Amino acid sequence: MMSPNVSSTDLSSVSDFKVGNLNGKWDGTALSENAQKFAGKIAADYETSTKTEILKDSRREINTDTYQKDKGSELFTTPLGPARPVGSGAFTALRVYRGIVLSRKVDTFLARLVDPQGEEPGIEAEISISEIQKFDRDLVQEGAAFYWTIGFWDSLGGLKSRISQIRFRRFPEWDTSKLEKAIANAKSLGELFK
Amino acid sequence: MPKVLESYLSDNSQGIPPKDNEIEVSLFGPGFGESIVAHLGGGDWLVVDSCSDENREPVALDYLKKIGVPAANVRLLVATHWHDDHIGGLSRLFESTINADLAVSAAIGKDEFLALVGAMNENGFVAQTGVDEWIGILKTLRARKAAANRPPPLLVGGERLLFKRKANAAKGTESCDIWSLSPSDESCLKASSTFSTMFPTRKMRRVAAPNPNHNSLVIWVKCGDVGILLGADLQETGSEHSGWRAIVQSKKRPEGTAQIFKVPHHGSANGHNDKVWSEMLVDGSAAILTPFFNGSVVLPTASDIDRLRKLSGHLFTTRPEDGQKIKAHDGNMVVARVLKETVTTIRPITLPTSHVRLRKEPGKNWSVGLFGTAHAL
Amino acid sequence: MPPPDIKISEFAVVLAGSFTPSVFQPMWFCKNGLLSDPEATNAVVSVIHPEVTSFHTEWLTLNVTREHFSAMCSRDESLLLLQDLVAGTFQLFAQSEVRAMGLNRNFHFQIESFEARNLIGDILAPKDPWKPLLLNPALASLQMQGARPAGEAGTVNVTVQPSMKLKEAGVFVGINDHFDLVKEKTPCNAADAIKLMKLVWDESLAQADKIAKSIVSL
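Residue numbers (the working numbering), protein chains in the order written: chain A, 1 to 194; chain B, 1 to 377; chain C, 1 to 218.
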């Protein structure tokens with residue numbers, strides 16, 4: 001049987017999804033038709049005297065207050081590499097613990113670790129802060145959640161490395177409308193107790 | 001000293017149910033949490049709190065199944081407070097005990113707690129044991145209310161009669177009353193206030209349990225001439241209007257003394273009140289307790305055990321014996337090595353469930369069964 | 001016999017809907033607590049534009065056009081971080097329209113020899129019907145589609161082709177676990193799409209693993 005349908009989320013034929021080098025070496029296989037056309041126009045226009053206009057246009061759309069200031073001016077002036085690093089290996093997970101921080105001391109923290117696959121019993125462990133990525137250390141507070149992934153990384157070149165990675169989970173701030181909804185719902189939930 | 005206990009049952013009797021007129025108090029732990037399953041005679045059962053075994057099943061359900069008792073025979077289910085270690089599996093337990101009234105602190109039925117649970121439930125990121133259980137309980141309450149087949153939960157603030165059964169000579173069952181002795185009104189107000197301060201206003205994390213130990217439900221059971229005092233995690237607060245002092249001084253609490261005492265707060269000094277022992281318990285009472293581990297905090301301490309030994313006639317715990325090393329491990333050698341290299345200290349939190357069981361037939365003394373790592377102190 | 005080695009594995013969450021690409025800059029993710037400051041600062045940005053945004057960090061590759069949001073992870077130890085990032089992003093854009101969701105798993109297997117690889121191709125696409133029509137017919141790419149389990153709209157699409165990333169005899173297997181999220185002509189919102197994503201995440205990964213390993217073990 002043959003199916004004519006093409007999945008709109010299957011980008012496997014464009015798995016490299018390269019935006020391409022907008023200094024002219026356009027690959028352009030990956031983008032939607034519209035994006036391709038537009039990006040192509042950018043590439044073409046950049047080579048002309050309208051590059052300043054393009055920079056102005058693009059800056060209008062970007063909130064440069066939030067975008068890193070020292071990169072803002074480099075958007076279209078430096079060669080742009082592939083959109084993602086080329087895959088270079090495969091990881092085999094042996095265990096992925098989900099952890100919760102129970103308490104924090106200066107140099108260590110106590111955590112409860114649970115294996116969601118249920119293969120191993122839960123454990124409580126004291127871990128040194130030095131085991132945590134520097135950019136995650138501010139997150140190590142009571143109640144914070146993290147993953148501890150242990151496994152092997154096999155590089156394309158055949159090198160095998162043991163990986164032990166503790167990464168703290170990152171969430172956005174609360175949506176106040178949800179908080180208001182919870183308060184409003186509390187009244188109706190209270191009826192269940194009457 | 002009256003002989004509260006006589007004999008020790010052998011291990012393989014764990015699956016034998018109590019006789020119809022036999023009172024039973026079973027305490028489950030250690031590891032993470034505790035649960036009490038009690039037979040009130042006449043096929044009526046009480047369950048206080050819930051914890052899960054190493055297979056993540058509520059231990060109370062597992063035990064009832066083991067002894068061939070339908071969950072529908074549970075008449076009263078009590079959630080003494082909202083600490084994770086007392087409500088693991090509670091929602092499933094509540095769903096299964098279709099004929100049980102649910103008794104909770106009055107603070108649970110208030111807007112502050114319900115808003116907090118609702119807000120935490122909106123956080124789709126972190127699974128929070130306590131919140132998940134309450135969400136499950138609310139779902140069951142909603143279904144039961146829609147079906148109009150069960151009364152609403154019993155909201156406890158102070159002394160309240162939770163269960164009453166008259167004696168039935170024909171059936172050979174004694175009368176049975178179950179009372180709550182706490183939390184006090186003051187504790188409920190404080191708990192509500194605490195819940196409202198915990199309401200999220202910033203980046204969400206797991207909500208650490210506030211100190212609801214002052215909001216614990218203490219249960220008093222009187223079946224015939226048998227008295228049982230289940231102390232939950234109630235601590236001494238220093239106030240006349242809350243904690244153990246309020247209970248001891250209350251003129252409204254039921255009269256009588258208990259032969260069996262579930263020691264509060266894992267035997268800690270904070271949970272101790274001399275007058276509980278002198279005024280609410282018989283001399284030579286049997287005391288039972290579960291351990292608590294949290295990093296460097298281990299309860300009961302050696303001095304707690306000394307104190308409890310002097311006060312009780314018999315002391316039993318579900319804690320592994322000292323010297324009985326239970327190691328945290330991982331079945332995978334590589335993972336085990338990584339854990340060993342990375343952590344400073346490690347211990348398992350889900351240990352095989354242990355069980356202290358006390359049974360008494362009318363006119364006879366209590367007998368005790370010790371299963372798993374449970375032992376006498 | 002064990003299946004051939006996986007040399008490269010990747011996973012992507014792709015949402016088809018309506019998006020504003022220029023919003024999804026590295027510092028936006030940082031400001032909203034979804035990426036750390038060093039990750040956002042050191043992100044390699046390809047383009048940030050009203051029509052397309054593309055950047056990558058050590059573990060994440062993000063590409064957003066007006067019609068597609070794609071977050072890809074080429075390091076499996078960071079898969080759960082990817083889930084959190086996508087869920088967190090669309091917690092902030094909960095009402096964004098989403099017409100479809102794809103959980104895309106790609107593998108590049110190292111086959112022991114060209115002969116063994118050709119054998120896989122011969123089983124998947126017998127050459128006899130092609131021999132009268134083409135000189136030296138060979139399988140360049142095969143795509144198969146299967147229905148979803150009952151109750152879920154969508155398809156499971158599998159692509160098999162020679163690997164372009166492995167120098168020797170390699171096979172690429174891509175599994176697109178596609179969910180149609182339009183009901184009665186109405187797309188769902190991102191919040192519901194994310195709920196579905198979390199629900200099917202583990203099962204989708206396990207299914208993809210099974211499909212891919214079965215194919216290369218033929």
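Derived from the structure by calculation, the hints contain no laboratory data. Careful: at least some of the hints might be erroneous.
List time: in silico SDA-like cross-link candidates among lysine to any residue, alpha-carbon distance up to 20 angstroms [said to hold, decoys possible]:
(1) Lys-213/C x Met-164/C
(2) Lys-145/B x Phe-193/A
(3) Lys-340/B x Gly-151/A
(4) Lys-134/A x Asn-42/C
(5) Lys-213/C x Ser-130/A
(6) Lys-31/C x Glu-58/C
(7) Lys-187/A x Ser-192/B
(8) Lys-166/B x Lys-340/B
(9) Lys-139/B x Ser-188/A
(10) Lys-31/C x Ser-130/A
(11) Lys-194/A x Gln-14/B
(12) Lys-340/B x Lys-187/A
(13) Lys-198/C x Asp-84/C
(14) Lys-178/A x Thr-197/B
(15) Lys-213/C x Gly-121/C
(16) Lys-187/A x Asp-111/B
(17) Lys-195/C x Lys-340/B
(18) Lys-185/C x Asp-84/C
(19) Lys-195/C x Ala-206/C
(20) Lys-145/B x Leu-189/A
(21) Lys-145/B x Glu-173/A
(22) Lys-181/A x Asp-192/C
(23) Lys-134/A x Met-164/C
(24) Lys-213/C x Gln-95/C
(25) Lys-181/A x Asp-84/B
(26) Lys-198/C x Pro-129/C
(27) Lys-165/C x Gln-95/C
(28) Lys-164/B x Ala-72/B
(29) Lys-160/A x Leu-124/C
(30) Lys-178/A x Gly-121/C
DEER-style ranges, computed between Cβ atoms [said to hold, decoys possible]:
(31) Leu-119/C x Arg-56/B: 25 to 33 angstroms
(32) Glu-54/B x Leu-199/C: 50 to 58 angstroms
(33) Ala-184/A x Pro-70/B: 35 to 43 angstroms
(34) Asp-107/A x Asn-332/B: 44 to 52 angstroms
(35) Glu-173/A x Lys-275/B: 43 to 51 angstroms
(36) Lys-194/A x Lys-364/B: 38 to 46 angstroms
(37) Asp-209/C x Pro-152/B: 43 to 51 angstroms
Chain A stretches covered by chain B per the calculated footprint, using a threshold of three residues with CB under 8 angstroms from any CB of chain B [said to hold, decoys possible]:
(38) 127 to 140
(39) 176 to 186
In this text the structure is predicted, and so the values were computed from the model without any measurement. All residues carry an ideal CB built from backbone N, CA and C; glycine is no exception.
Structure-based check of each hint:
Distance restraint check for Lys-213/C and Met-164/C: the Cα-Cα separation of roughly 19 angstroms lies within the 20 angstroms cut-off, and the hinted pair is therefore satisfied. Annotation: proposed proximity of Lys-145/B to Phe-193/A holds, straight-line Cα distance about 9 angstroms (limit 20 angstroms). A C-alpha spacing of about 15 angstroms is found between Lys-340/B and Gly-151/A, which places the hinted pair at or below 20 angstroms, so the restraint holds. Distance restraint check for Lys-134/A and Asn-42/C: the Cα-Cα separation of roughly 15 angstroms lies within the 20 angstroms cut-off, and the hinted pair is therefore satisfied.
Taking the CA atoms of Lys-213/C and Ser-130/A, the gap is near 39 angstroms; set against the 20 angstroms cutoff, the hint is violated. Pair hint Lys-31/C plus Glu-58/C holds up; C-alpha atoms about 19 angstroms apart against a cutoff of 20 angstroms. Using a Cα cut-off of 20 angstroms, the hinted pair Lys-187/A and Ser-192/B holds, with the two alpha carbons roughly 14 angstroms apart. At roughly 58 angstroms between alpha-carbon atoms, Lys-166/B and Lys-340/B are farther apart than 20 angstroms, so this suggested pair is violated.
Of the pairs offered as hints, the one joining Lys-139/B and Ser-188/A holds, with about 13 angstroms between alpha carbons and a cut-off of 20 angstroms not exceeded. Distance hint between Lys-31/C and Ser-130/A is unfulfilled; the C-alpha atoms sit about 25 angstroms from each other, more than 20 angstroms. Taking the CA atoms of Lys-194/A and Gln-14/B, the gap is about 39 angstroms. The hint is violated against a cut of 20 angstroms. For the proposed pair Lys-340/B and Lys-187/A, the alpha carbon gap of about 49 angstroms is over 20 angstroms, so the pair is violated.
Between Lys-198/C and Asp-84/C the CA atoms are separated by roughly 9 angstroms; this keeps the pair inside 20 angstroms, and the hint holds. Taking the CA atoms of Lys-178/A and Thr-197/B, the gap is about 17 angstroms. The hint holds against a cut of 20 angstroms. Distance check on the hinted pair: Lys-213/C and Gly-121/C sit about 15 angstroms apart at the alpha-carbon level, within 20 angstroms; holds. This hinted pair checks out: Lys-187/A and Asp-111/B have alpha carbons roughly 6 angstroms apart, not beyond 20 angstroms.
Proposed proximity of Lys-195/C and Lys-340/B is contradicted: the alpha carbons are some 36 angstroms apart, above 20 angstroms. Distance hint between Lys-185/C and Asp-84/C is unfulfilled; the C-alpha atoms sit about 29 angstroms from each other, more than 20 angstroms. Among the hinted pairs, Lys-195/C with Ala-206/C is consistent with the structure: their alpha-carbon atoms are about 18 angstroms apart, no more than 20 angstroms. A threshold of 20 angstroms between alpha carbons decides the hint, and for Lys-145/B with Leu-189/A the separation of about 11 angstroms falls inside it, so the pair holds.
Distance restraint check for Lys-145/B and Glu-173/A: the Cα-Cα separation of roughly 35 angstroms exceeds the 20 angstroms cut-off, and the hinted pair is therefore not satisfied. Pair hint Lys-181/A plus Asp-192/C holds up; C-alpha atoms about 17 angstroms apart against a cutoff of 20 angstroms. For the hint linking Lys-134/A to Met-164/C, the alpha-carbon distance of about 37 angstroms lies beyond 20 angstroms, and the restraint is violated. Pair hint Lys-213/C plus Gln-95/C does not hold up; C-alpha atoms about 38 angstroms apart against a cutoff of 20 angstroms.
Pair hint Lys-181/A plus Asp-84/B does not hold up; C-alpha atoms about 25 angstroms apart against a cutoff of 20 angstroms. Restraint check for Lys-198/C and Pro-129/C: not satisfied, since their Cα atoms lie roughly 44 angstroms apart, outside the 20 angstroms limit. About 38 angstroms separates the Cα atoms of Lys-165/C and Gln-95/C, which puts this hinted pair outside 20 angstroms; it is violated. Taking the CA atoms of Lys-164/B and Ala-72/B, the gap is near 17 angstroms; set against the 20 angstroms cutoff, the hint holds.
Among the hinted pairs, Lys-160/A with Leu-124/C is inconsistent with the structure: their alpha-carbon atoms are about 32 angstroms apart, more than 20 angstroms. Proximity of Lys-178/A to Gly-121/C is assessed by CA-CA distance (about 53 angstroms); at most 20 angstroms being required, the pair is judged violated. Taken as a hint, the range 25 to 33 angstroms is violated for the pair Leu-119/C and Arg-56/B, whose Cβ atoms sit roughly 45 angstroms apart. Separation of Glu-54/B from Leu-199/C is about 26 angstroms and departs from the stated range, judged on CB atoms against 50 to 58 angstroms.
Here the CB-CB span from Ala-184/A to Pro-70/B is close to 39 angstroms, well matched to the stated 35 to 43 angstroms. About 28 angstroms separates the C-beta atoms of Asp-107/A and Asn-332/B, a value inconsistent with the hinted range of 44 to 52 angstroms. Separated by about 49 angstroms at the C-beta atoms, Glu-173/A and Lys-275/B satisfy the suggested range of 43 to 51 angstroms. In this structure the supplied range 38 to 46 angstroms holds for Lys-194/A paired with Lys-364/B, their Cβ-Cβ distance being about 44 angstroms.
Checked against the hint of 43 to 51 angstroms, the C-beta distance between Asp-209/C and Pro-152/B comes to roughly 48 angstroms, which is consistent with it. For the region 127 to 140 of chain A, the stated coverage by chain B is satisfied: 3 residues place a CB nearer than 8 angstroms to a CB of that chain, which reaches the threshold of 3. Counting residues of the region 176 to 186 of chain A whose CB lies closer than 8 angstroms to any CB of chain B gives 7, which reaches the minimum of 3, so the coverage claim holds.
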